[in-house]
Amino acid sequence: MKRAVRLLHAGRLRRLPALALVLTLVAGGFAAWAGQDWYRAAHDEQAEYAAQRDAALSAGEQAVQNLNTLDHRELKRGLDLWESSTTGELHEQLASGRDEFTAQVKEAKTVSTARVLSGAVTELDDRAGRARVLVALRVTVEAADGAKSDKDSRMLGELTRTDGRWKLSALGQAPVGGTSTG
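Mapping to the numbering used here: the sequence shown position 60 is 720, numbers consecutive.
There could be a bad hint or two in this list.
[Said to hold, decoys possible] Each pair of labels, with its calculated beta carbon distance range:
(1) E734 x R700: 43 to 53 Å
(2) Y699 x V776: 29 to 39 Å
(3) S809 x R700: 49 to 59 Å
(4) V682 x R825: 50 to 60 Å
(5) F761 x W698: 49 to 59 Å
(6) A680 x T782: 50 to 60 Å
(7) A807 x F761: 16 to 26 Å
(8) D697 x R825: 31 to 41 Å
(9) R737 x P835: 24 to 34 Å
(10) S813 x Q753: 11 to 21 Å
(11) E734 x A780: 27 to 37 Å
(12) Q753 x Q706: 35 to 45 Å
Since the hints were derived computationally from the structure, they do not count as laboratory data. The C-beta atom is built at its ideal place from N, Cα and C for all residues, glycine as well.
Build the full structure now, drawing on both the sequences and the hints.
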């Protein structure tokens with residue numbers, strides 16, 4: 661009887677290293693699979709492209725909002741923000757027309773506040789550092805007499821990546837409605 665118990669006990673002891681080996685191999689296989697999956701995700705070009713698209717959209721929306729917001733009481737701060745949001749020809753236009761524009765806004769004594777309703781990247785060339793965005797926004801203008809008016813508009817912006825940051829290089833109204841043919 662003792663011999664049967666010993667044989668039974670010895671059989672269990674032999675299975676334990678085999679079970680440990682199997683579990684080790686399964687864990688190692690899982691670790692290799694997870695590591696490979698992580699590596700692919702970390703080096704995925706589509707993920708990097710999506711990150712650049714999101715960065716361009718965020719910068720584009722903010723820049724369009726900045727260029728549609730201005731308070732005559734804090735004119736220098738607002739115009740400095742305009743210039744820091746832009747690059748290229750648009751930046752040059754804003755900088756060269758600053759004095760004339762300052763006089764107009766001071767005379768009108770208006771406060772305009774923009775709020776982004778939605779936005780989308782319509783084109784992205786990450787390698788060239790160029791993007792285009794379409795931004796819908798609501799601009800509220802408060803006149804000197806306190807009267808307020810809201811205007812919804814759609815803006816098309818071109819962005820250029822400068823020193824690792826996306827900045828507006830062109831901005832204009834998006835066409836509304838369809839075009840006629842014929």
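Hint by hint, here is what the structure shows:
1. E734 x R700: 43 to 53 Å: Check passed, 49 Å falls within 43 to 53 Å.
2. Y699 x V776: 29 to 39 Å: 37 Å Cβ-Cβ, so the 29 to 39 Å window holds.
3. S809 x R700: 49 to 59 Å: At roughly 53 Å between Cβ atoms, R700 and S809 fall inside 49 to 59 Å, so the hint holds.
4. V682 x R825: 50 to 60 Å: This hint holds: roughly 54 Å between Cβ atoms.
5. F761 x W698: 49 to 59 Å: holds (52 Å)
6. A680 x T782: 50 to 60 Å: holds (58 Å)
7. A807 x F761: 16 to 26 Å: holds (22 Å)
8. D697 x R825: 31 to 41 Å: Holds: the Cβ-Cβ distance is about 32 Å, inside 31 to 41 Å.
9. R737 x P835: 24 to 34 Å: holds (33 Å)
10. S813 x Q753: 11 to 21 Å: Cβ of S813 to Cβ of Q753: about 19 Å, so the range 11 to 21 Å holds.
11. E734 x A780: 27 to 37 Å: holds (31 Å)
12. Q753 x Q706: 35 to 45 Å: holds (36 Å)
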